[in-house]
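Can you make the complete structure from the sequences, with help from the hints?
There are 4 protein chains.
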Amino acid sequence: MHIPQALQYFEETLLDRGVALRRFRDVRAATLRLTAPLSAEDAAIQTMPDVSPAKWHLAHTTWVFEAFVLKAEATGMAAEYEELDPHYHYLFNSYYEAEGPRHPRPQRGLISRPSLEEVLDYRKHVEAAMEALIGNGADDEAWARIAPLLDLACHHEEQHQELILTDIKHVLWSNPLRPAYTQTMPKEVRPAPELSWTSFDEGIFEIGHDGTKSGSGFAYDNEGPRHKQYVHAFQLASRPATNGEYLKFIEDGGYSRPEFWLSDGWFKVQAEGWTKPFYWQQKNGDWQVFTLRGQHGMNSAEPVAHLSYFEADAFARWSGARLPREAELEIALAGHGNPARANDAASGALNPVAAGGEGLAQLYGGVWEWTQSSYAAYPGYTPAPGAIGEYNGKFMCNQYVLKGGSCFTPPGHARATYRNFFPTDARWQMTGVRLAKDV
Amino acid sequence: MHIPQALQYFEETLLDRGVALRRFRDVRAATLRLTAPLSAEDAAIQTMPDVSPAKWHLAHTTWVFEAFVLKAEATGMAAEYEELDPHYHYLFNSYYEAEGPRHPRPQRGLISRPSLEEVLDYRKHVEAAMEALIGNGADDEAWARIAPLLDLACHHEEQHQELILTDIKHVLWSNPLRPAYTQTMPKEVRPAPELSWTSFDEGIFEIGHDGTKSGSGFAYDNEGPRHKQYVHAFQLASRPATNGEYLKFIEDGGYSRPEFWLSDGWFKVQAEGWTKPFYWQQKNGDWQVFTLRGQHGMNSAEPVAHLSYFEADAFARWSGARLPREAELEIALAGHGNPARANDAASGALNPVAAGGEGLAQLYGGVWEWTQSSYAAYPGYTPAPGAIGEYNGKFMCNQYVLKGGSCFTPPGHARATYRNFFPTDARWQMTGVRLAKDV
Amino acid sequence: MHIPQALQYFEETLLDRGVALRRFRDVRAATLRLTAPLSAEDAAIQTMPDVSPAKWHLAHTTWVFEAFVLKAEATGMAAEYEELDPHYHYLFNSYYEAEGPRHPRPQRGLISRPSLEEVLDYRKHVEAAMEALIGNGADDEAWARIAPLLDLACHHEEQHQELILTDIKHVLWSNPLRPAYTQTMPKEVRPAPELSWTSFDEGIFEIGHDGTKSGSGFAYDNEGPRHKQYVHAFQLASRPATNGEYLKFIEDGGYSRPEFWLSDGWFKVQAEGWTKPFYWQQKNGDWQVFTLRGQHGMNSAEPVAHLSYFEADAFARWSGARLPREAELEIALAGHGNPARANDAASGALNPVAAGGEGLAQLYGGVWEWTQSSYAAYPGYTPAPGAIGEYNGKFMCNQYVLKGGSCFTPPGHARATYRNFFPTDARWQMTGVRLAKDV
Amino acid sequence: MHIPQALQYFEETLLDRGVALRRFRDVRAATLRLTAPLSAEDAAIQTMPDVSPAKWHLAHTTWVFEAFVLKAEATGMAAEYEELDPHYHYLFNSYYEAEGPRHPRPQRGLISRPSLEEVLDYRKHVEAAMEALIGNGADDEAWARIAPLLDLACHHEEQHQELILTDIKHVLWSNPLRPAYTQTMPKEVRPAPELSWTSFDEGIFEIGHDGTKSGSGFAYDNEGPRHKQYVHAFQLASRPATNGEYLKFIEDGGYSRPEFWLSDGWFKVQAEGWTKPFYWQQKNGDWQVFTLRGQHGMNSAEPVAHLSYFEADAFARWSGARLPREAELEIALAGHGNPARANDAASGALNPVAAGGEGLAQLYGGVWEWTQSSYAAYPGYTPAPGAIGEYNGKFMCNQYVLKGGSCFTPPGHARATYRNFFPTDARWQMTGVRLAKDV
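Protein chains in written order, with the numbering used here: chain A, 46 to 484; chain B, 46 to 484; chain C, 46 to 484; chain D, 46 to 484.
In case anyone wonders, no lab produced these hints; they're calculated from the structure. Note that the structure is predicted; figures quoted are calculated from it, not measured. Here a beta-carbon is modelled for each residue, glycine too, at the ideal position from N, C-alpha and C. Only true hints are included.
With beta-carbon atoms standing in for the labels, derived distance ranges:
#1 B:Asp61 with C:Pro238: 55 to 63 Å
#2 B:Phe312 with A:Asp483: 51 to 59 Å
#3 B:Thr243 with C:Ala75: 50 to 58 Å
#4 D:His381 with A:Ala391: 49 to 57 Å
#5 C:Glu403 with A:Ala316: 50 to 58 Å
#6 C:Trp242 with A:Ala316: 47 to 55 Å
#7 C:Tyr140 with D:Ala385: 52 to 60 Å
#8 D:Arg302 with C:Pro82: 52 to 60 Å
#9 B:Thr243 with A:Ala316: 56 to 64 Å
#10 D:Ala225 with C:Pro131: 16 to 24 Å
#11 C:Lys293 with B:Gly402: 57 to 65 Å
#12 B:Ala278 with A:Ala316: 52 to 60 Å
#13 C:Pro221 with D:Ala225: 31 to 39 Å
#14 D:Ser244 with A:Asp483: 29 to 37 Å
Next comes the structure, spelled out in structure tokens:
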């Protein structure tokens with residue numbers, strides 16, 4: 046079977062049309078559950094260029110199925126696909142240059158029409174066509190081409206599920222009324238365990254996803270090729286840094302002492318007036334933290350979240366430690382991480398909870414953990430030609446890798462080889478820090 | 046009877062509570078008719094800092110009754126007014142420093158909540174309190190204080206009725222789908238009459254509103270005092286300049302020849318790449334114009350609209366003419382203008398229509414006409430103390446006066462002494478030009 | 046005799062070639078005296094877009110003679126003029142669109158070559174050609190055309206003499222060492238007289254320069270035509286406001302109370318963090334003022350200087366007064382001002398000194414006095430065609446008129462009809478305020 | 046002997062005071078030779094924030110000796126050092142937070158005083174004190190502390206020698222007259238050899254400087270520790286890419302085809318309108334290149350220079366190749382590079398010349414070669430505490446490593462382990478590209 050270059054790490058069980066249909070329906074339904082609490086206005090506005098409206102996420106994830114499956118893979122299909130509205134191609138393409146011109150990203154909030162209702166109709170329209178295709182609308186040869194793309198598009202939609210939560214948090218926080226996304230499900234409070242350190246020996250390690258092992262599940266092209274790295278001895282903290290620990294950094298003058306900061310970070314601190322994590326606010330001397338459940342008193346035991354790379358790095362220096370390297374965290378995740386018990390989106394917490402348990406806790410879920418590794422191509426990596434090749438490769442510059450997933454990540458989405466990446470000043474993501482040390 | 050300084054030009058008929066109630070209800074209902082075609086999303090977004098969302102206009106016009114009547118004039122009222130939500134004071138204050146801090150103007154589109162529905166409830170809440178007050182909730186002494194404020198707040202709401210149309214036009218135009226506000230009511234097409242000139246002799250003229258004549262109706266404080274000006278002989282064009290005439294300016298290289306432009310205007314032309322009026326677009330060689338009825342072929346006979354001061358002035362120089370002065374247009378409006386037959390919002394045209402009739406046509410309605418007069422205080426003018434004094438006075442700088450009203454102006458709102466004003470680069474308003482000449 | 050439209054107010058005595066030669070030499074020598082204290086580096090750098098390097102002023106004033114006389118009026122000349130370097134036309138044109146493309150204004154400080162020495166050679170080259178022309182290089186017909194242009198170019202160079210002092214003050218102040226332009230000539234200190242008010246009756250007044258009276262001396266085109274204005278009764282303060290008076294405004298919270306400020310001014314105060322006049326600085330609780338003699342303790346009796354329009358206007362409101370109108374100051378200057386005793390550049394003070402004497406003191410010299418009149422065309426004014434017409438006309442927008450000259454103005458340069466103008470936020474000019482009141 | 050942490054790679058021969066004196070005098074004299082052709086104005090202006098005036102370089106390199114030796118290491122000195130002017134500490138500190146506040150980098154061109162002459166006096170003042178110290182002004186214990194700092198400061202001054210040439214090139218190019226730094230020494234033209242490829246096997250390699258080997262010469266702290274890396278098999282091009290090759294990329298639409306560009310690079314191309322290398326200009330259809338010898342016709346055989354990382358990367362993709370990794374170039378430099386025959390500043394070419402010879406040509410000199418490796422800490426690296434620790438460590442973020450030196454690099458300054466680094470959009474440096482490939 047031929048699998049396109051960008052998709053070689055493909056979940057072959059999806060070749061079973063029944064399995065594929067179930068997977069497709071599950072992903073699509075999960076997205077709607079996330080947007081259900083939002084009004085048409087909540088879903089329409091854009092509070093900064095990095096944020097996309099929920100309506101746009103709903104439409105764009107649909108457009109990916111339309112553009113990369115329904116329209117791109119027409120050969121061998123029983124019926125030609127008809128677009129609901131040809132303008133949607135312009136409005137809902139995100140960044141694929143090969144797909145032609147598109148609506149500028151910072152202007153996604155300027156589009157009141159199509160309405161939320163019309164976008165939900167668009168979802169149904171594409172879903173009907175996809176279901177027909179999965180059923181009997183594609184012959185077996187076409188299906189073998191389509192199944193990997195469907196796999197990719199489902200994982201793509203899961204990424205946007207995390208972004209929907211991330212972005213709506215910024216939208217609600219931008220409102221001086223500080224409204225909540227949901228007020229149900231009170232949050233259990235438990236203390237954070239003492240910090241301890243786990244040591245790893247030096248040696249040659251294999252890193253990255255091995256595309257040939259069918260049992261290892263889906264992976265994006267940027268996770269391969271699996272390759273050797275020489276890793277020096279290191280230590281990892283037993284859990285992510287907490288709000289309480291970060292508060293000590295603040296109280297020790299962390300934001301006013303240049304000796305802890307990268308030069309670019311110190312510039313940012315001064316230019317933007319940073320004095321605390323993004324969603325923190327001091328009220329009558331007490332620290333409050335904004336969450337999807339509204340604004341609450343700061344919980345010292347919870348992992349500190351919404352740190353930029355600059356803040357994570359400065360905190361690490363102040364701590365007498367450093368940020369981990371990508372390979373170090375991947376080794377730990379592969380050997381010690383248990384995604385099944387993660388504080389991910391399935392936990393319903395919608396906020397990082399205090400890590401528990403023995404050894405290396407909360408490697409998965411909670412907060413994405415910054416690494417000091419620049420997001421770069423693995424040896425032998427080449428992006429696929431065409432639009433699909435733009436998925437990951439063209440961002441390999443001036444961004445840093447994060448590992449492990451967060452409390453906003455859909456269950457099953459993160460894995461040891463997963464490479465998330467953001468610029469060094471990004472603060473609206475669910476990002477935190479686990480300290481590392483040389484031995 | 047004591048009338049506060051800022052409100053001396055007051056429609057005394059409103060002292061009759063029945064008249065006042067009718068006036069109040071009419072104004073409030075007219076606003077809702079304008080927003081009826083808008084979805085919650087149309088009413089929520091803000092497409093540039095100058096534009097306010099329709100939802101904000103609905104709330105702010107309500108807040109003015111709440112802040113300047115219900116809360117400010119409590120003495121002599123039967124029952125204390127209770128706010129629906131104390132946060133609204135922060136959200137819906139526009140620019141009144143004396144009323145305390147407020148939500149920044151460029152961020153009015155970042156507020157998804159309160160929802161449109163909640164804002165409509167806010168309107169009803171304030172309307173009920175106002176109706177009670179007008180009925181018997183205020184004793185006669187209080188009512189004498191309140192009636193002028195009610196008069197002011199009704200005229201204020203009419204100003205925002207014009208802005209609702211102006212702003213929603215920008216919102217819809219910002220959408221690449223170019224949707225229409227309404228598609229009903231096709232527009233009659235008639236030719237524009239030949240341009241002719243009317244001459245006026247020099248002499249001393251009285252300009253501005255005389256606050257003592259009760260028959261002359263409402264006026265803002267900035268329209269007085271009535272005072273003498275020495276006006277030199279001048280000529281006025283019989284009608285506003287048309288699209289067809291403006292097209293000749295474009296085709297003669299108007300936007301690429303600095304000799305027609307003020308220095309600041311030429312800078313703007315180059316910095317912003319201006320080559321045509323704001324809502325014009327060339328498609329396959331044909332000119333189209335965006336209107337509240339969608340995008341249509343350009344009609345040469347219609348008044349050219351959405352010109353900045355810079356464009357109006359450059360066009361006038363190219364024409365061998367000049368912009369009128371404020372006094373010149375006021376003299377013409379007072380002597381020749383007939384507001385009753387105006388192409389105003391009551392005409393339902395929602396676009397300037399070709400001027401008709403003899404003499405000085407369409408002095409009222411159609412397009413606001415730029416004057417070369419900087420918006421400045423009349424001799425003897427002093428703003429009232431407190432928030433009400435901020436209504437007009439603090440904007441008397443770097444703006445230019447416009448006269449006569451437009452097709453977006455509510456009927457009865459414009460008058461000869463009315464002074465509209467905008468900065469020299471404003472293009473989203475319904476603004477055009479009537480040429481003038483020295484004799 | 047034919048005088049070009051833009052130059053109708055021409056000093057006919059200059060038709061005498063001997064008089065013209067003396068005038069030319071005097072003006073040119075005066076410029077060099079001003080730049081003598083400057084090093085090559087002082088004369089080269091540009092500390093903000095509004096500031097021009099002294100080297101550029103030296104070259105540009107020369108270019109005006111070259112472009113508007115030597116090259117433009119070749120007919121009737123004995124010998125063809127040869128440019129020293131054809132690139133200078135591009136480098137030293139200021140803003141004349143009709144003269145073709147030119148070096149961008151904000152980049153005048155990026156030109157290290159030609160060196161100061163080469164620019165001084167350029168001056169000599171043009172001076173030699175001009176002297177030849179004045180002598181016998183132009184026949185009488187040509188001379189009649191040239192003499193008015195020479196008159197204009199000499200007055201133009203005087204304007205730049207004021208700018209040389211204004212701009213070098215900004216250059217030196219931008220240096221944290223706060224060096225002085227000159228340290229000679231200590232400044233006499235005397236107290237400011239009590240403020241009193243002079244009243245003027247209302248009536249029709251004639252304003253502006255009458256081009257036909259040969260005795261009245263040179264005038265720019267924007268000073269005419271002389272025309273009637275109806276002026277209402279007013280009062281003028283006996284002297285400009287002092288540092289001491291302005292300090293009271295500051296101490297009364299002037300910069301933190303929006304009720305005194307125009308809306309645009311208040312925006313500027315907050316955006317730029319204004320808390321004091323531009324060249325003031327607080328050091329250990331004492332106020333210091335930077336002058337061309339270095340930084341010194343603030344003198345309460347001296348006129349407050351370097352106020353923007355916004356600050357002058359806010360101070361006037363705080364004082365319970367207002368800014369004068371252009372006509373009001375012109376009437377005062379024409380009737381009461383005595384340029385001969387002015388605190389102008391010939392006084393050598395290089396800073397405004399405390400006003401003295403009876404009645405309306407220091408109408409000339411000291412500080413340019415802001416008016417509330419927008420810089421606009423007088424009735425009947427039309428700019429000349431071509432480059433010369435760009436001298437004044439194209440700036441008639443968003444600037445406000447100042448009257449009377451300053452301590453930086455060359456002697457004899459200011460007059461009652463003189464119209465200086467700057468934007469409302471300009472602070473680097475020698476600008477102050479004389480209060481006015483309605484009667 | 047104790048060597049401070051940041052300086053462990055120290056040229057111990059400098060412990061001999063005679064050797065140290067010779068080295069100090071050589072470096073100082075070389076700097077003056079570079080600035081000799083510049084006028085006071087050439088040396089004063091700053092044409093963009095990244096560029097520093099030559100006068101500032103002259104002063105800052107002197108300040109380093111003053112701040113880090115004369116003032117910091119006073120113990121054991123015969124006489125206390127006296128500053129020439131205490132303000133210089135503020136003016137000429139570059140970026141050392143630990144040394145206190147300093148003049149903002151983008152405003153280095155706003156300082157006309159001290160003059161060039163005064164700065165040259167400052168150099169002599171510090172040189173006299175340093176010579177006294179090297180002679181007998183420091184006892185042996187002090188000298189053991191000082192010698193490594195002198196070593197560092199001499200290498201520091203060599204870095205600024207390269208920057209003086211780099212920055213004055215930008216200064217002269219910013220002048221529309223396009224003046225030359227020098228017109229002597231015509232440039233030999235020879236063809237570029239055919240491109241060939243050299244292969245390297247995979248394996249574990251040691252990278253970085255080994256601080257313990259005294260024979261290997263000076264190194265900065267960021268070059269260590271020497272450590273193991275697993276390097277995969279790769280190929281390197283025999284020489285840097287040429288102007289001729291880069292022209293083919295341009296002619297093939299390189300600057301208008303997003304498929305070759307990183308996402309951030311493509312954004313930059315569009316935002317800045319990039320269509321060619323920084324110093325190229327098309328004139329009547331011919332390509333010209335600006336050099337320190339003025340503007341000349343483009344030479345196809347010469348290495349293409351002044352490429353940003355984005356351009357180097359896009360060109361590599363277009364070529365079907367990739368940028369080398371840091372370890373790959375270091376392995377090649379260590380095994381094949383011959384600094385003695387380099388096209389460095391000693392060659393006097395002042396421009397990259399066509400590479401010659403067998404095998405891997407021009408690894409040293411010509412152009413700095415971009416690598417795809419983000420500038421990051423080597424395993425075990427920690428910056429020294431205090432100001433010296435800011436030299437390199439705080440820039441390890443969002444910059445990419447360059448190797449091999451350029452035609453502007455002083456002879457002997459570059460070495461295999463040397464790590465130069467710049468942001469991805471820097472174009473004013475002497476930067477080019479050598480292609481690499483996977484095997």
